[in-house]
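*Asks:* Here is how the chains run, residue by residue.
Protein chains: 2
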Amino acid sequence: MPESPYDRLVRLLKRADVIGSALDVLQWDEQVNLPPASQVRRADQLSALAELHHRAVCDPAIGEALAALEGDSRPEGDAQKAAVARARRDYERATRLPAEFVAAKAALDSQAFHAWKRAKSHSDYSVFAPFLSRQVDMSREEAGFIGQADRPYDYLLDKHDPGLTEADVARLFGDLRQQLVPFVKEIVARGVKSRRAELKGFSIAAQDAFLRGVVAKLGFDFERGRIDVAVHPFCSGDGADTRLTTRFDEDDPLTSLFAAVHEAGHGLYEQGLPLEHLGTPLGKPVGMAIHESQSRLWENQVARGRPFWAHFEPGFRQSFSSRLGGWSSEDLYLAVNTVSLEPIRIKSDEVTYNLHIILRFEIERRLFAGEIAVEDLPEVWNGLSQELLGLIPANHGVGVLQDVHWSGGAFGYFPSYCLGNMIAAQLWYAALATLPGLEAEFARGDFSRLRGWLRREVHAHGRRYDTHELIRKVTGADLAPDHLMRYLKERYGSIYLPATR
Amino acid sequence: MPESPYDRLVRLLKRADVIGSALDVLQWDEQVNLPPASQVRRADQLSALAELHHRAVCDPAIGEALAALEGDSRPEGDAQKAAVARARRDYERATRLPAEFVAAKAALDSQAFHAWKRAKSHSDYSVFAPFLSRQVDMSREEAGFIGQADRPYDYLLDKHDPGLTEADVARLFGDLRQQLVPFVKEIVARGVKSRRAELKGFSIAAQDAFLRGVVAKLGFDFERGRIDVAVHPFCSGDGADTRLTTRFDEDDPLTSLFAAVHEAGHGLYEQGLPLEHLGTPLGKPVGMAIHESQSRLWENQVARGRPFWAHFEPGFRQSFSSRLGGWSSEDLYLAVNTVSLEPIRIKSDEVTYNLHIILRFEIERRLFAGEIAVEDLPEVWNGLSQELLGLIPANHGVGVLQDVHWSGGAFGYFPSYCLGNMIAAQLWYAALATLPGLEAEFARGDFSRLRGWLRREVHAHGRRYDTHELIRKVTGADLAPDHLMRYLKERYGSIYLPATR
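Residue numbers (the numbering used here), protein chains in the order written: chain A, 1 to 501; chain B, 1001 to 1501.
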């Protein structure tokens, strides 16, 4: 029997994906293992493989298979139909960018990264501004190549989260902001003191053993995955070989744990995608926001909750025998759920984190709408920081220059983080409604029912549905910020605003 | 200025080499990090990259550049001339094998590997014989494609060690055998008892720390290299990123140490090759025998010697405080230099090891000369084992089936190990003659002069000279077994046959 056009498409996509996955391994190795003086060699390897990957992704045979499937040889069933549509989208986005543009962008990314590092270390925005300007221009150009010159920011959002538009995000973030800003003010006004900073001298070997136990209990499959150490925690690879990283600090045992649980949430998504469709749209994640919802749900709704700690607190105390002598369970729970206003996003908690994202979205939105210019950013940043967080960063290094993302032209990416929080909360209440007694199982150390539900409801579909469609399908409702606000009020109200219980 | 044909050749060779080096990283990762259930994915990645690498190596543009350099655009100077000749050889060998042959060989390698594993675990040669037969046939075919159908074993030897012929090896091994067999008999007859088996309960963390210290002292550059753990120790990568592995056993601290030093010897060669020529014939190792000479020289001549232990013994004792209480320095030195007749090559010592290789060469030689058939191997093996080692293996699993090499059709490879020992000894005496006071420096923990000499005399030339040429150039004499015999008699005579001192 001759190969059907759909089978041919799948074979070609899988082939390209295998090359991409080899690239992933080299990138993982760069963060985890690479000797310092081997970086030049690694850069050469990455660029050679990226070129080969790009060539495989743009293979004209993929275009021919797609054309056949869009013509006489219709795909069979809705799943295949969706897969063909997603593959078409990916193929267009890969093939429409001219090689010179891709090369110029790669060169700019590298220059802008180094300029950003210099600018940040000297708190000197002027060093970075020209490169940022060029990145904004190139993002506009990119949108133009894809045929969306008139709505560049819509293109950038959709690129990370299929189906999302600027209008969606503006509405969602506007609503959230209105409710969240006064809530944070209320919490901060209470002045409840966390003892988190007192957690010092926690053996790294014991932290490592404890978090591995937790991650295994949550259901991460170490038969096809591993955990290592990297400066910035991440999850790399796919369901065939899923690699998490965390980082350790003797004087901060909670960061390593929650980083590991967060990355394990990403890993559980990858491992939950149908392996038989690996490398094709039916075996790939929907986008960044859904991905982030999986990491946040495990990190926040699950692992910062009382039932989780009811199960793990004894083991945590045992792992660090002498360290938690004078600590009550409530002390520990408060340390896990410490809220404080910080200028730096990655040091913030799950409540105020969302404000950091709203700030960045507001800037990106205005920038691409032409309402502000690149040179206005420091002032706009500080103004928004005052409005949202009630503080102005001490300098631009901990303000407008704090994040690496813009140096790589990753506009439209930040919103995924906050959208992920919203989706996590919305999925959480859907799970609680469908799975009665769920949290009682957590308290017994059993997380299998939630994992199975997520796998069935979210992971199993791969990229078949876009972000909105999937949320509607699983929760029966449109994406909305109310679930996140409800969750934050329940969890943090009970700790910080006990009168509101 | 337009790119010269030589520069073009170099650029193309480097590009192919970069892809090959990415493949190396994935292979290293497979041995060191790969989760067990991720092997299928890794096989797909390796095969995709191998195909891309092969395509780059066979790029017709390389053939064009070579043709230009062999025609009107002569290379400049002898080094370039040699590089072009080596590149031509590599290009011919890569391009003359038809794709169907390469694919059939890869499939056979995999089948034969699994058959060998089954055969070994059941000590049943008949399971492996048909695959071995096919490998012999394919090696003959391969020699035919390269135009050496009439001398297949010469081709196979030269493939691993440029310049070597069957006649060379037969003469060298014949001479060595004549001197070595009676010497081993004499040693064994003395019945000197080593206490090596008493070394038990050595902390792995302390072993690891100690061997890292040793490897650093020998001059391995950890800025562009690392050491990890793997089941079978190896050295992977190149001078830009050199990765050693060792293995640990609490009850055998010397194996981890000598494996690390051995692999560090390979690593020092890679790191000593001129980095500016990385990926071209002037930046590559000559062949397996020269490579092995580097590992053996550091492992045996240096690290099994009295000056080395004069320096490291105090640290070794300190690392394992309570473990060496009743041990004299001579006890330790004898443990490091234990000689015993074993059926298994990888468990043998540096004296009897050579007999294991002579055995394999003798079999390969007769097999390709048509003097024996694949089905005769068990009998021939046992007969040679009796002649050379004075023992017959208890079963074929520890006899003819003990090594993996033949399952991959790696004929002509084993001789490199013994040739490496010969070359190491020949280089060693050349170094001692040129560098007076060398061993006194070792006793002070200074290995820099030997390392510098090897780098200058051996490493700096890359593949400019073939095996024989390089040995002649460095030592002023043809490769001969006398140096190895002299070294073995000096070292082991002084321990086992004190009357002969």
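Just so you know, these hints were derived from the structure itself, not from any lab. No residue lacks a Cβ here, since even glycine has one placed at the ideal position from N, Cα and C. Treat each hint with caution, since some may be false.
[Said to hold, decoys possible] Taking lysine-lysine and the DSBU-like style, the derived pairs with C-alpha atoms no more than 35 Å apart in a straight line are: (1) A:117 - B:1105; (2) B:1014 - B:1193; (3) A:14 - B:1014; (4) A:14 - A:489; (5) A:473 - A:489; (6) A:105 - B:1014; (7) A:347 - A:14; (8) B:1217 - A:14; (9) A:217 - A:105; (10) B:1473 - A:14; (11) B:1117 - B:1081.
[What the hints assert, rightly or not] Derived contacts from chain B toward chain A, CB cut-off under 8 Å, selection only: (12) 1029; (13) 1035; (14) 1041.
*Asks:* Please flag the earlier hints that this structure goes against, numbers listed from lowest up.
*Replies:* Failing hints, ascending: 1, 2, 4, 7, 8, 9, 10, 11.
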